[in-house]
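Engineer: Make the full structure from the sequences, and use the hints.
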Amino acid sequence: MRRKAYSLLMGGLMALSVAITCGFALFIIVYVLFKGVPNLSWELLSTAPSILNDRIGILPDILNTLYLILAALTVVLPLGVGAAVYLTEYASSKRLVSVIEYAAETLSGIPSIIYGFVGMMLFAGAFGTSLLAGALTLVIMNLPTVMRTAQESLKTVPQSYREGAFGLGAGKWRVVRTVVLPGCVDGVITGCILSVGRILGESAALLFTAGIAHVVNGFFAGLASSGASLTVAMYVYAKDRGEFEVAFAIAAILLVLTLLVNLCAALAGWYFKKRRA
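Everything in the sequence shown is counted per this note's numbering, starting at 1 for the first residue and increasing by one.
Among the clues, some could well be false.
To be verified - With a cut-off of at most 30 Å between alpha-carbon atoms, the simulated DSS-like pairs for lysine-lysine come out as follows:
#1 K172 <-> K94
#2 K274 <-> K172
#3 K273 <-> K172
Calculated directly from the structure, the hints in this document are not laboratory data.
Structural biologist: Here it is in structure tokens:
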């Protein structure tokens, strides 16, 4: 009787915790969309800010965010997947692998503001305050996530696949390239999508490295110049200018993009799991 009452009590407390958590999340989503969507307009999304015309536009911030995502993924994906392949397929020292995995887990828990200071000292000092410095800082931040996700996905490829390829006379790199990597593409894509989500939500590190300029530039010119991402622009409009309507509009855009990124991650996982089955 006492055990049954205890089980009911614990079940009720867990259900209450789930309800409170989901309630807070739903409240934030509804509140941000309620405050932000009415302030969205085509002029806001398609123009650059102009003091002379008394106009606020976030087109430069949208483009800067896309440039940061493209530049960061171009560097972090080869590095992360290559490191995962080395640790899983080539590294012979288990102690070295354990040290690298521990370092990656430690890097994943470092606050983003610390990455911002490091990026400001290293990359902003070398390239100036620019999107390139911000993208390289984001590479360091997302490298552990991509590496660990790809590594865990590589471990799910059955050893019999490798042995069968070796039995047919394939070399080590050919086995990795034609058998192992195609079998873990779901983990690579998942890590890529998670990195995009983190880049979309990052602001502290970019304040110190990418800057807060709102100028429309091309891709390469934009990487070499200062620029604000959507999160940084939201901070600037809310904190420095008191434009809370614009800040809520940007927050609504970021919220929708985050929901789409998580939906894409779920759909990608479901697709590859179904294809593998």
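Engineer: For the pair supplied as a hint, K172 and K94, confirm whether the alpha-carbon distance does not exceed 30 Å.
Structural biologist: holds (19 Å)
Engineer: Is K274 close enough to K172, meaning Cα to Cα at most 30 Å?
Structural biologist: holds (28 Å)
Engineer: Quick one, are K273 and K172 close enough, alpha carbons at most 30 Å?
Structural biologist: With Cα atoms ~26 Å apart, K273 and K172 stay inside 30 Å; holds.
Of the numbered hints given earlier, the model fails none.
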